[in-house]
Each structure stands twice: as C-alpha cells, then as structure tokens.
Amino acid sequence: MREVLEPLFREIESLNERIKEYDRRIEKIAKETYPETELLKQVKGVGDLIALTYVLTIEDPHRFPKSREVGCFLGLRPGRRNSGDSEPQMHISKQGDEYLRTLLVQGAHYILGPFGADSDLRRWGGKLAERGGKNAKKRAVVAVARKLAILLHRLWVSGESYEPLHNSQKMMHTAA
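Per our numbering, the very first residue in the sequence shown carries number 11; after that it's consecutive.
Read the hints as simulated data drawn from the structure, not as lab findings. All values reported here derive from a predicted model rather than from experimental measurement. There may be inaccurate statements among the hints.
[Unchecked claim] In silico DMTMM-like links for lysine to aspartate or glutamate, alpha-carbon gap of 20 Å or less: (1) K51 to E69; (2) K51 to D33; (3) K157 to D70; (4) K54 to D70.
Work out the full structure: start from the sequences and follow the hints.
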C-alpha cells in the first residue's frame, strides 16, 4: 500500500508548494503594482486575490458615478418583473465578470460564516438569512456579495479606512 500512495503524497506536496508560490506572487503583485488593494483588504473576507481581481476588473473606479452601479456591472442585481400588484424577485442577471462574481460570493460566504468578524455587513446578511424560506441563506449570500462589491468601490474611491460597525455606532450615538 505504501508503494502506491507515496508517489501520490509527493505529488500533493508538490502541488501545495506551487500553490504557495502563486499566492506569494499574487501578494507581491498586489503590494508593489496595485497599492490600492490595501484599502480593499481592510474588509475581513477580502484577501489579496479578491482585491487584486476587483482592481483589475474595474480598472477605473471613476467610471461609475455611483458605487451602487458596480453591483449591476458585475451581474449581482436581481431582475424584476412587474405584473399588476405582484413584483416577484427574479434571479440575478449574471452579466459581467464571472470570476470576480464567484470570488465576491466566496467572500460573502466567509463574512456570513462562522469565522466572519462582526460587522454591519454580517448583521445585515444575517437578518436576510433569518427571513426563512428554502433559499434564504443563498439569497443572503448573493445580497452580501453585491453589498461587498459596493463597499469595496466606495473604499477605493474615497480612500477612507473601513469601520466594520459604522452604522451600528451611528445608531448608538443617535439613541444616546
């Protein structure tokens, strides 16, 4: 058995080393060539890969007059169909860059998952997921991915530092 498995273990180890090398390269490119990725990485759940892909896909943040338009550009906006009094929510358009959309959804999974840090985004997504229904968690993840895309654009354009509980602190000050 050992003779059969040993070459497989060596191959797995070799692949792991190559993945680590690619991760180091991505980190180096992000740090040296695209320093704006540091602004985006302030958000827990956004690493070098998501930040670099975001910057390279959007290219010029000023081409969007409003940050909300980024969600539509990436295909994360649900369609609408109005018919009489009913306004059913449809699937997202899935237009735009599929790879970045996938990465943003993965970031949203992390934010809503057990290791995500407490933030306004996590609390908002949690409320959406609690609404119930068979697809509530899936809808919440996509909604958080859309908000994440908007938040990253806002951070990039404004250059502000990210406050995870900005809205919660604002509500506490107004209540006091």
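Hint check results:
1. For the hint linking K51 to E69, the alpha-carbon distance of about 17 Å falls within 20 Å, and the restraint holds.
2. For the given pair, K51 sits about 15 Å from D33 by alpha-carbon distance, which is consistent with the 20 Å threshold.
3. A distance of roughly 19 Å separates the Cα atoms of K157 and D70; the hinted pair therefore holds under the 20 Å criterion.
4. A hinted pair counts as satisfied when its Cα atoms are at most 20 Å apart, and K54 with D70 does not qualify at roughly 23 Å.
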